[in-house]
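Chemist: So the chains spell out like this:
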Amino acid sequence: MKSLPILFLGIFFTLAFSWTGIVLVSHIQLGFLEPATPELTNAEEEAIAGVLFRDPDTGRMVHGRNQDGVQANPMPLVGSAQRGLRVYEQMGCLYCHSQQVRRQGFGSDFERGWGNRQSVPRDYILKERVMLGTMRTGPDLSNVGLRYSELWQHQHLYNPQITSPGSTMPPYAFLYEVRPINPVTGPSPIAIDLPAQWALPEGYELIPTRRALDLVAYLMSLHQDYELPEIKFTE
Amino acid sequence: MVDPHRFGAAYYLIPKVLGRPIHSYYLSVVGFWSLALFYNWAGVHHLIGGPVPVWVISAGTVASVMMVIPVVVTAVNHHMTVVGMQREVWRSPTLRFIVFGAINYTAVSLLGSTMALRSVNEVTHFTHFTVGHAHHGVYAFFTMIMFGSVYYMMPRLLKREWPSAFLIHTHWWACALGIMLMVVALHIGGWIQGLQMNALDEDGVPVFTFIETVRNTVPWLHARSISGLLLMIGHMAFFLNVFWMIFSKPAAVSDSKPTLLGA
Amino acid sequence: MSEDSQSTQPNPPNGVSRDTFEGNRMEDVPLQQIHSQLLREKEEPTENFSPMPLTLMAMCAVLIFWAGLYLAWYSGDLDPFRFDETQRGASGIADAPREIDMLALGRRVYNQNCVACHQSDGRGQSGVFPPLVAADWVQEESPDRIIKVVLAGLAGPILVNGNPYNNAMTAFNRLSDRDIAAVLTFIRTEPTWQNNAPAVTPEMVAAVRAEFGGRTEPWTGPELEAIHGPVTSR
Chain S
1 MKSLPILFLG IFFTLAFSWT GIVLVSHIQL GFLEPATPEL TNAEEEAIAG VLFRDPDTGR
61 MVHGRNQDGV QANPMPLVGS AQRGLRVYEQ MGCLYCHSQQ VRRQGFGSDF ERGWGNRQSV
121 PRDYILKERV MLGTMRTGPD LSNVGLRYSE LWQHQHLYNP QITSPGSTMP PYAFLYEVRP
181 INPVTGPSPI AIDLPAQWAL PEGYELIPTR RALDLVAYLM SLHQDYELPE IKFTE
Chain P
1 MVDPHRFGAA YYLIPKVLGR PIHSYYLSVV GFWSLALFYN WAGVHHLIGG PVPVWVISAG
61 TVASVMMVIP VVVTAVNHHM TVVGMQREVW RSPTLRFIVF GAINYTAVSL LGSTMALRSV
121 NEVTHFTHFT VGHAHHGVYA FFTMIMFGSV YYMMPRLLKR EWPSAFLIHT HWWACALGIM
181 LMVVALHIGG WIQGLQMNAL DEDGVPVFTF IETVRNTVPW LHARSISGLL LMIGHMAFFL
241 NVFWMIFSKP AAVSDSKPTL LGA
Chain F
1 MSEDSQSTQP NPPNGVSRDT FEGNRMEDVP LQQIHSQLLR EKEEPTENFS PMPLTLMAMC
61 AVLIFWAGLY LAWYSGDLDP FRFDETQRGA SGIADAPREI DMLALGRRVY NQNCVACHQS
121 DGRGQSGVFP PLVAADWVQE ESPDRIIKVV LAGLAGPILV NGNPYNNAMT AFNRLSDRDI
181 AAVLTFIRTE PTWQNNAPAV TPEMVAAVRA EFGGRTEPWT GPELEAIHGP VTSR
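Residue numbers (this note's numbering), protein chains in the order written: chain S, 1 to 235; chain P, 1 to 263; chain F, 1 to 234.
No lab work stands behind these hints, which were simulated from the structure alone.
Honestly, I wouldn't trust all of these hints.
[As the list claims (entries may be wrong)] Some chain F residues near chain P, calculated using beta-carbon distances under 8 angstroms:
no.: 1; residue: Leu54
no.: 2; residue: Ala58
no.: 3; residue: Gln125
no.: 4; residue: Val128
no.: 5; residue: Ser142
no.: 6; residue: Pro157
no.: 7; residue: Leu159
no.: 8; residue: Asn161
[Said to hold, decoys possible] For lysine-lysine, the following DSBU-like pairs were computed, each having C-alpha atoms within a straight-line distance of at most 35 angstroms:
no.: 9; chain 1: F; residue 1: Lys42; chain 2: P; residue 2: Lys159
no.: 10; chain 1: P; residue 1: Lys249; chain 2: P; residue 2: Lys16
no.: 11; chain 1: P; residue 1: Lys159; chain 2: P; residue 2: Lys249
no.: 12; chain 1: F; residue 1: Lys42; chain 2: P; residue 2: Lys249
no.: 13; chain 1: S; residue 1: Lys232; chain 2: S; residue 2: Lys127
no.: 14; chain 1: P; residue 1: Lys16; chain 2: P; residue 2: Lys159
no.: 15; chain 1: P; residue 1: Lys16; chain 2: F; residue 2: Lys42
[What the hints assert, rightly or not] Covered by chain S, according to a simulated footprint, are these stretches of chain P (three or more residues, beta-carbon under 8 angstroms):
no.: 16; stretch: 17–30
no.: 17; stretch: 90–97
no.: 18; stretch: 159–166
no.: 19; stretch: 191–200
no.: 20; stretch: 204–213
no.: 21; stretch: 227–240
Ideal placement from N, C-alpha and C gives every residue a C-beta, glycine not left out.
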């Protein structure tokens, strides 16, 4: 094959073209992202409107500095919530739930209360695994930590029909243990209360397993309720 | 993706089984290089509306639409190769599956380019439409072409013929009807799901609660279960035929005619 | 099979004896079968050199032209921090102050935050999530009790219209005073919910927030009763 070198070079350059465009340029543009305060400041500690400002010394556009004494976001996942990410993965939550909010005017994410601003790359920089998701057989979970209490989450995982009648989500009852109340120490402090019509038989209580506690800790950690230099709340 | 794999199989087997040259070398070349150029960029259309800068998504949308070039070029090339020999295609198990796959490649790719447009994606994203599209690509086009390739390879490797034309017929009709049912059901159900999900009234309040949009997909998912049953019947027929072919006594089948399907 | 034992030559393929094979006794049918097996093997594929049709060239030209236009419109100046393709240039041009329809805003805030538990018809779920329709808690003259509930949440057993409910409501202190006032106004005045209580203003919410805003624990029924007395519908 005489044209083998041409074939090789052609394939090399078409691959290099897309790799440069999607991977390399994106990395140069966004690879430096760090948690940020809602407003950034320039070298003179004056608040700036966007993300970048022109450095007076070099004349280059550089990333603004975080304001002192203001919480920078996003925050890292730690402890139980970090383990809960693995449970989220193992239980296949990803197949039905997304974690990305589209802007107002594109879909109905804002109107359904899934978030009051669009998700941006900076929201995901500290995530060990990014669970963007591609399906919404269930609602978006980017801000699920804000919408419900822990009790709601436990009841919903144990049996979705308790909190959301008609839901097609499968029950994750195997993450919970129904056991007799200890006659000596009495009811466990972590037992889950159930509404009257779903109550367990007399003398039994519902105890979440380690995995259920971790998963709920992870769900409660999901929130994008902070502003960033590049994105403000809608309205 | 599975495209390059499938291109190889179709570009070899269609002319090989028909004994007729590929329509145009130039079209093959244009198809190959435009595919190589655009396809790597096209994947970004899965992130439309997501946490990605505008320009990345626009690049992905443009690349996905430009995929029309390799798709149409390849479709013309294959169609012009086959044209006038439809009877042979219908009689050969290999070509019947491969040409079915090639037709669906054109359909799924043009649909895919349409789905990469922002206004269409706003409806189809996060719904069963996308799931239907994925099955359209991986089953109706890729898997069917691979079935066709197996129907070509096995007699030549084992030096014996397919034992049962009836089982090939069953395989073909169950799989072709099954996958078409799945694709149509998920596309319609997904489109309705997307429209209901995005519907807002004049105050900016969703017209359908979320649970309503999910419950309304259930009948379409029942159709999908039936299509899965059909596919299983087809796969069982194929498995039986392969099993029979491998483990039957050589003499019993070796001097029979090639197994062709009735016209 | 007597011929087999006499012959020193190996048998021809297919187990047909040499005698039969060479004896010109072969019937037409097997011969044709072998033929058809051989005949289907075609030459290795080759290619013709038909030129590319002009219509295809035209299609490519149109597509490339469209691609240029699309990129010019929607490339967002390659700005990594632009997420809305319809936004042109620098944002920040303030619109004229708008008249806000508190009822429409309240209805939207309700659908964003409350429907998951209290349901879109406001009837809740018996024993778990109390109803808002024709509810004594909602229709009190002073909204201070429910403002507290919305800001810090509510946990433990309560009675609504005399029926017991026992669950936990999450805190909504992340909502602005305006949004909370709007959603409470919507709930308290929605005619189809048989509610007809005075509207809530952002100032009322701000006053409660100023007094109890630091509270992170959810309220309980008895605690609220200690401050506001028993629930009395208008």
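Chemist: Now tell me, hint by hint, if it's right for this structure.
Modeler: How the hints compare with the structure:
{"no.": "1", "hint": "Leu54", "result": "violated (12 angstroms)"}
{"no.": "2", "hint": "Ala58", "result": "violated (12 angstroms)"}
{"no.": "3", "hint": "Gln125", "result": "violated (13 angstroms)"}
{"no.": "4", "hint": "Val128", "result": "violated (16 angstroms)"}
{"no.": "5", "hint": "Ser142", "result": "violated (28 angstroms)"}
{"no.": "6", "hint": "Pro157", "result": "violated (28 angstroms)"}
{"no.": "7", "hint": "Leu159", "result": "violated (28 angstroms)"}
{"no.": "8", "hint": "Asn161", "result": "violated (24 angstroms)"}
{"no.": "9", "hint": "F/Lys42 / P/Lys159", "result": "holds (16 angstroms)"}
{"no.": "10", "hint": "P/Lys249 / P/Lys16", "result": "holds (29 angstroms)"}
{"no.": "11", "hint": "P/Lys159 / P/Lys249", "result": "holds (12 angstroms)"}
{"no.": "12", "hint": "F/Lys42 / P/Lys249", "result": "holds (28 angstroms)"}
{"no.": "13", "hint": "S/Lys232 / S/Lys127", "result": "holds (21 angstroms)"}
{"no.": "14", "hint": "P/Lys16 / P/Lys159", "result": "holds (18 angstroms)"}
{"no.": "15", "hint": "P/Lys16 / F/Lys42", "result": "holds (6 angstroms)"}
{"no.": "16", "hint": "17–30", "result": "violated (count 0)"}
{"no.": "17", "hint": "90–97", "result": "violated (count 0)"}
{"no.": "18", "hint": "159–166", "result": "violated (count 0)"}
{"no.": "19", "hint": "191–200", "result": "holds (count 4)"}
{"no.": "20", "hint": "204–213", "result": "holds (count 5)"}
{"no.": "21", "hint": "227–240", "result": "violated (count 0)"}
Hints 1, 2, 3, 4, 5, 6, 7, 8, 16, 17, 18, 21 from the earlier list are contradicted by this structure; the remaining hints agree with it.
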